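Asks: Protein sequence lines, in the order shown, are assigned to chains A and B. For the first sequence, the tail end lands on 834 under UniProt numbering, and the numbers increase by one without skipping. For the second sequence, the tail end lands on 834 under UniProt numbering, and the numbers increase by one without skipping.
Please keep in mind that the hints were generated in silico from the structure rather than gathered at the bench. It should be emphasised that the depicted structure is a prediction, and the values quoted were computed from it without experimental measurement. Take these hints with a grain of salt, some might be off.
Same chains, same label: a pair holds when it works inside one copy or across any pair of copies.
Straight-line distance between alpha carbons at most 27 Å, and here's what the computed BS3-like set of lysine-lysine pairs gives [unchecked claim]:
1. Lys799 / Lys342
2. Lys641 / Lys294
3. Lys98 / Lys228
4. Lys98 / Lys85
5. Lys125 / Lys641
6. Lys48 / Lys639
7. Lys98 / Lys641
8. Lys269 / Lys85
2 protein chains.
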Amino acid sequence: MKYGHFDDSAREYVIETPATPLPWINYLGNEDFFSLVSNTGGGYSFYKDAKLRRITRYRYNNVPGDNGSRNYYLSLMDSNAINAKPIDTWSPTFLPCKTPLDSYKCRQGIGYTVFEAARHGIESKLTAFVPLKTNAEINRLDVTNTTDEPVVLDVTGSVEWCLWNAVDDSSNFQRNLSTGEVEIEQQSDATLIYHKTEFKERRNHYAFFAVNSPVVGFDTSRDEFLGKFNGWDTPQVIAEGQVHDSVAHGWFPIAADRVRLELEPGETKSLIFVLGYIEVAKEDKWEDPDNPAKVGIINKKPAHELFRRFATVEQVEAALKELNTYWTELLTTYSVESGDEKLDRMVNIWHQYQCMVTFNMSRSASYYESGMGRGMGFRDSNQDLLGFVHLIPGRARQRIIDIASTQMEDGSAWHQYQPLTKKGNADIGGGFNDDPLWLVAGVNAYLAETGDASILTEPVPFNNVEGSEVPLLEHLRRSVNFTITHKGPHGIPLIGRADWNDCLNLNCFSDTPGESFQTVENNDTGVAESVFIGGMFVLYGGQYADIIEHYGQLTGMTDAEIAAEAANVRAEIGQVSEAVETAGWDGEWFVRAYDAYSRKVGTHEDTEGQIYIEPQGMCVMAGIGLDDGKAQQALKSVKDKLTCDWGTAILAPAYSTYRIELGEISSYPRGYKENGGIFCHNNPWISIANALADNNEEAFAVYQRNCPAYVEDKSDIRKVEPYVYCQMVAGPEAPTPGEGKNSWLTGTAAWTFVDVSQYLLGVRPTLDGLAIEPHLPEQFTDLIVTRVFRGVTYRIAMKRTGERTVSVNGERLAGNVVPVPTDDTKLVEVAVTF
Amino acid sequence: MKYGHFDDSAREYVIETPATPLPWINYLGNEDFFSLVSNTGGGYSFYKDAKLRRITRYRYNNVPGDNGSRNYYLSLMDSNAINAKPIDTWSPTFLPCKTPLDSYKCRQGIGYTVFEAARHGIESKLTAFVPLKTNAEINRLDVTNTTDEPVVLDVTGSVEWCLWNAVDDSSNFQRNLSTGEVEIEQQSDATLIYHKTEFKERRNHYAFFAVNSPVVGFDTSRDEFLGKFNGWDTPQVIAEGQVHDSVAHGWFPIAADRVRLELEPGETKSLIFVLGYIEVAKEDKWEDPDNPAKVGIINKKPAHELFRRFATVEQVEAALKELNTYWTELLTTYSVESGDEKLDRMVNIWHQYQCMVTFNMSRSASYYESGMGRGMGFRDSNQDLLGFVHLIPGRARQRIIDIASTQMEDGSAWHQYQPLTKKGNADIGGGFNDDPLWLVAGVNAYLAETGDASILTEPVPFNNVEGSEVPLLEHLRRSVNFTITHKGPHGIPLIGRADWNDCLNLNCFSDTPGESFQTVENNDTGVAESVFIGGMFVLYGGQYADIIEHYGQLTGMTDAEIAAEAANVRAEIGQVSEAVETAGWDGEWFVRAYDAYSRKVGTHEDTEGQIYIEPQGMCVMAGIGLDDGKAQQALKSVKDKLTCDWGTAILAPAYSTYRIELGEISSYPRGYKENGGIFCHNNPWISIANALADNNEEAFAVYQRNCPAYVEDKSDIRKVEPYVYCQMVAGPEAPTPGEGKNSWLTGTAAWTFVDVSQYLLGVRPTLDGLAIEPHLPEQFTDLIVTRVFRGVTYRIAMKRTGERTVSVNGERLAGNVVPVPTDDTKLVEVAVTF
């Protein structure tokens with residue numbers, strides 16, 4: 001069952017009912033100011049950091065759900081009298097009012113959301129977006145009277161302020177109920193309500209909610225606005241038709257503006273609401289610091305400036321157009337015409353859009369990530385880069401520097417860092433032994449995309465300690481060296497606290513209820529090994545050697561040093577590869593790990609958890625077993641034992657009991673999450689592995705099985721948005737197979753884009769140029785991929801002929817790597833047969 | 001304005017409307033299992049620890065407020081058919097339904113709450129309580145058909161499960177939405193729904209919600225029960241009249257039982273709902289661990305046993321009677337007949353009840369303390385003891401041991417500890433230099449109450465480290481010694497991170513937005529001093545010396561050691577006292593402190609924060625200045641400069657700007673909290689100080705100004721419960737003077753009971769016996785106080801004659817200390833004139 005449709009020409013998913021199985025959301029904002037917005041107007045805004053600088057309040061896991069965010073009320077009034085009463089009230093976003101609408105559409109676009117609604121012949125269109133380089137969300141509301149009579153329409157817009165730190169805001173009430181402060185400013189043509197809680201003391205930032213109109217009145221006290229026992233669906237002032245002009249002192253400050261519109265038949269009027277965030281220099285905090293009568297009155301100048309940039313419809317239209325143009329340009333970087341509209345829309349729009357969002361958010365703020373716990377992940381963000389780097393390489397570069405700056409001198413890393421402070425998160429700590437190698441993956445992707453070797457000599461500190469800076473290349477060396485120096489009894493890398501599968505905790509042995517597996521003491525005795533990290537080392541160790549060989553000279557290494565270092569790493573790779581192929585091979589698939597007792601994990605000798613997905617994907621991606629049938633055998637096992645209609649499960653059979661020696665993985669009910677769920681992140685690894693093994697039908701089938709556009713018609717079962725990936729789909733052993741959870745913030749976004757763009761469509765940046773090798777099933781015969789790479793547009797026409805050739809400007813290449821033009825050529829025509 | 005009335009004979013506050021200004025709550029439970037319950041049925045339950053073992057989910061600061069806790073729905077059905085439809089539905093607790101009731105009463109009693117409601121001629125009475133020594137909340141629901149027709153009434157009872165750790169439950173959704181698990185058990189005469197999330201793994205505890213009846217059906221999935229967009233006021237299954245028999249797999253597990261009752265005219269039927277908590281031994285977790293078909297099926301035997309103890313009306317009545325008897329016996333420990341019903345009800349019922357609650361909860365779980373952050377406070381709990389020790393000295397003894405076990409070897413202390421683990425809370429840390437001395441106060445109160453000197457030789461560890469145990473007396477010595485060894489330039493004790501006023505942070509200099517003043521680096525340079533701690537040292541140092549002199553021998557000290565130790569401490573007291581009277585005296589009041597630059601805080605030389613309440617109260621309580629007029633002068637300044645109709649403010653004038661050298665105190669808006677609010681905790685210090693200075697009218701007036709019963713008729717302004725204290729009332733400089741906040745968990749409870757019982761009514765336990773010295777205003781002429789003290793009942797008849805005498809059995813004592821009988825006398829008649 002579907003709840004909407006794709007509008008590819010507008011780059012939108014058009015939701016046709018508010019009653020989606022779950023809120024279906026979108027992200028507004030690109031750099032510092034972000035908003036989440038659901039198809040019923042839910043969500044919240046924050047500046048840079050969803051924990052430390054939350055602007056509006058949002059209640060997770062609430063009843064009723066998804067209420068109290070962008071609260072707009074359209075009240076058809078019985079007259080234009082001062083004491084007019086509402087005949088009926090509804091929300092242009094459906095919620096919070098819940099009043100049935102005569103028509104409803106929510107267009108989730110690329111960086112904007114549009115709500116179209118109608119009731120009583122009043123048509124409304126609410127457009128929400130965050131303009132480029134702007135710390136504000138714009139909500140433009142157009143209302144049209146399609147009736148034959150004039151109408152009086154009261155429009156009330158409101159937000160609820162979060163007292164900045166989202167954790168404190170939801171726990172420290174004995175303090176917070178006394179701190180709230182606001183200011184109200186009524187200009188002749190605009191009304192601004194300021195949230196200045198704690199500005200009195202150490203904060204140098206405030207927020208405002210403004211409308212480009214005088215108002216009938218306002219409210220800033222939530223209790224006054226809602227009245228007793230009411231929800232956001234039925235505020236007292238809305239029912240009464242009268243605002244209270246309340247001024248909040250502590251308790252729960254909000255901002256509510258009420259504007260009265262008179263609309264002639266056929267007339268349209270527009271209002272612009274702006275939710276803005278302002279930072280001021282310490283010395284500029286106050287309006288008039290020397291005037292005792294003005295103590296505590298904030299400096300509103302920068303708010304006025306920001307507001308006046310969007311005070312007219314023309315300004316707002318221009319800003320939205322600018323945003324659209326920006327995205328159009330970004331998305332030209334990679335596009336395909338494949339003849340399959342689902343593939344095209346995912347590749348050309350939604351995969352890349354989700355990659356931008358995961359790059360921006362890491363795993364911090366979604367409708368499932370509360371924005372209170374997790375910062376930017378070392379592992380996560382490196383992987384997110386893989387799908388993002390082609391869009392804005394400059395931001396990827398900065399991210400790499402930020403990530404590497406949290407690495408320790410021994411090559412290990414903080415597992416997460418807080419985006420506002422960029423410091424390692426001591427609550428989580430480190431010890432995840434796969435983390436360092438992901439830095440190689442991220443840097444390699446950046447180099448392949450840009451060829452910008454200057455990043456390798458960029459001075460980068462350890463653990464953010466000033467003075468500890470070394471060139472980035474040295475960080476890579478330490479990453480690789482960390483694995484080399486942390487191997488176990490079988491010569492396979494030690495797993496540490498955990499590897500990519502955070503929940504496989506082989507050194508933790510937690511027996512205390514509720515204890516976090518992420519932070520419980522890590523009793524690494526040097527025994528527990530990860531075959532998965534073994535595969536990673538072969539893959540990313542190899543990338544490191546390539547980087548050295550390509551760019552070592554530029555960084556000041558001598559040829560001899562380069563040769564010695566590369567040879568050493570390749571020798572280590574050979575050893576690990578050998579260990580993986582022997583101790584790491586179970587007969588029909590790769591073993592997952594060795595536990596702290598040096599017993600196999602992921603083996604046919606066990607009754608549960610016999611086969612895990614991760615080593616099959618990663619080892620084959622690293623090329624292990626491609627030459628001797630092990631890869632094909634492992635992939636066959638994946639298909640036979642892990643794959644169902646909904647995708648490929650993480651392991652099977654799921655664990656029915658808790659196994660203290662395995663940790664969190666066995667804590668989940670069967671079929672969910674890491675215990676037998678379809679953990680989408682690693683499905684593209686299997687697709688890539690199949691592509692590398694030339695299993696082209698299966699490679700694409702793996703991609704297709706849980707690709708949103710292809711399973712859109714199962715939205716009633718999957719529940720999550722049909723335009724983006726979710727973290728996990730309940731596996732075949734779950735009571736609710738196919739049910740998706742934790743949408744948006746998942747490494748699936750980046751890995752899927754890598755899979756489909758670089759392996760299935762087969763246009764892959766390398767250090768030497770653009771490699772082209774499509775792996776597509778029979779139905780694809782004729783495609784065009786357009787790729788902007790290092791400033792050059794490659795127009796790649798692909799035709800199925802049965803023979804693999806790559807020609808540039810009519811000339812056939814020896815291999816499949818299209819070199820970067822050395823002249824100022826801006827367009828390269830590539831003809832590919834396959 | 002009032003919203004109810006006191007029913008003293010029933011020991012109840014009877015709330016007459018659901019529309020109280022804020023939820024007015026009560027506490028159920030005495031030892032391990034606790035519930036909060038508001039006058040509209042809100043609240044939640046937990047076992048021992050509101051953070052780590054929360055049983056039901058509660059949403060703080062929610063919209064709509066106070067919903068979704070105890071959800072009972074009475075549905076008048078149109079027939080007894082299987083597909084009968086509801087004619088109307090309401091809640092016997094008003095919320096969540098909000099359906100208007102024909103009559104409503106909520107009786108907040110001592111350890112129980114009763115809701116009486118009526119609609120459509122159906123009268124309901126819901127009685128909620130936690131039986132003694134039982135890990136369950138009982139909800140007995142009686143429904144009576146007062147109409148002339150038979151009716152069909154569907155009763156649905158429901159709770160929403162919290163996934164145990166309240167912090168994780170409200171943040172870690174990417175995990176928690178996949179972990180929820182339940183079991184449903186339908187017996188012939190009962191229905192039990194089990195919440196077993198994470199029992200699969202490390203937990204050995206589960207909860208259940210049961211009813212002593214077969215059911216029409218059940219629900220365990222919140223989404224199924226509520227349906228889309230609905231709140232707890234209008235669940236879909238309630239509107240439909242049909243449950244879904246849903247089984248939750250992850251997402252949001254609840255328990256909902258629906259029972260159908262047929263009531264003849266005049267007939268009453270009763271249902272008993274039990275919310276129980278079960279812990280099992282590890283080896284007893286499973287029903288049949290060897291049967292593969294029963295994997296994961298929990299051992300329900302202990303739940304059956306618990307449930308069957310309360311499965312009949314007779315059993316429930318007996319348990320409630322037992323609870324009432326228990327309280328009647330407790331409250332006989334101290335009672336008064338004064339001729340003033342307000343004084344009597346507060347002393348005889350509500351002060352002592354609140355003391356029990358603050359003893360149990362410290363500052364962890366109320367409607368303002370979210371139960372997620374704060375554990376048991378070292379300072380808080382010692383003070384809470386002062387008002388509780390007479391009720392159950394044995395529990396006070398254990399608490400003292402628990403508190404002292406978190407002390408460090410140098411005498412300093414963790415500021416808080418977690419009740420479940422009893423370990424110091426590293427998130428908060430230590431360095432609050434008043435903390436150690438409060439241990440002396442607590443132990444002295446215990447000794448005075450019980451004469452049980454064996455506590456002094458009890459081995460007690462430092463920082464909970466096994467093997468570090470020393471006798472408790474040694475802990476006291478180190479407490480006192482900590483102050484002796486931490487004095488500043490003026491010979492006044494150093495303040496450290498902060499003293500009682502957590503928000504006066506003289507060594508923190510925080511400039512980072514949102515940084516916690518409690519945990520920011522403490523840059524104590526040995527300069528900032530606290531006159532308040534000076535007063536404390538004089539008072540509690542003296543108590544320590546008394547303890548040594550009284551009991552030193554029993555602990556093995558020689559007479560010479562005792563004399564030397566006592567002399568040394570008294571000499572130190574003399575020095576500190578001298579320092580306070582010189583450097584600590586501002587001319588008309590005591591200085592509050594010296595800051596890190598050695599500048600006075602709380603001085604007429606400043607324009608704001610000229611006078612603080614704390615040193616005036618504490619220094620005079622310590623006896624400083626009583627002999628030379630300073631005490632009278634200080635108290636006059638308190639009255640003139642800090643006191644208004646609502647009570648005595650903490651300081652004046654309030655700070656209008658942030659002062660980095662003072663810290664959090666200046667962060668609040670003027671008139672709120674520590675910045676000029678009436679911080680109720682220290683008002684009794686002023687009352688005691690006035691009593692000691694023989695200002696009897698003012699001593700009582702201070703008590704009266706913010707004593708709940710005396711200000712009941714201002715409930716519309718105060719907002720908080722009129723039967724217990726709140727932490728803070730907005731001060732005269734606030735925009736909302738008189739508005740109360742943070743009710744229930746405040747040291748005001750203990751200190752007020754100390755004040756009124758020991759100083760105003762003047763019956764004070766001492767190491768030597770019961771001292772009697774009333775300080776009452778003119779209107780009190782004839783009173784009787786009954787006090788059970790060390791196993792003996794003292795019946796104390798007091799008469800105003802103008803002369804102070806104390807006679808026992810007709811014989812006048814030389815002093816005012818009634819000695820403890822050395823024979824087995826159980827009743828002592830004391831005659832007092834004043």
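Asks: Determine for every hint whether it applies to the structure shown.
Replies: Hints, one by one, checked against the model:
1. Lys799 / Lys342: Within one copy, since 19 Å is at most 27 Å while 94 Å is not.
2. Lys641 / Lys294: between (72 Å within a copy, 25 Å between copies)
3. Lys98 / Lys228: both (19 Å within a copy, 10 Å between copies)
4. Lys98 / Lys85: both (20 Å within a copy, 23 Å between copies)
5. Lys125 / Lys641: neither (50 Å within a copy, 58 Å between copies)
6. Lys48 / Lys639: Answer is neither: 42 Å inside a copy and 49 Å across each miss the 27 Å cutoff.
7. Lys98 / Lys641: neither (46 Å within a copy, 53 Å between copies)
8. Lys269 / Lys85: Within one copy, since 21 Å is at most 27 Å while 46 Å is not.
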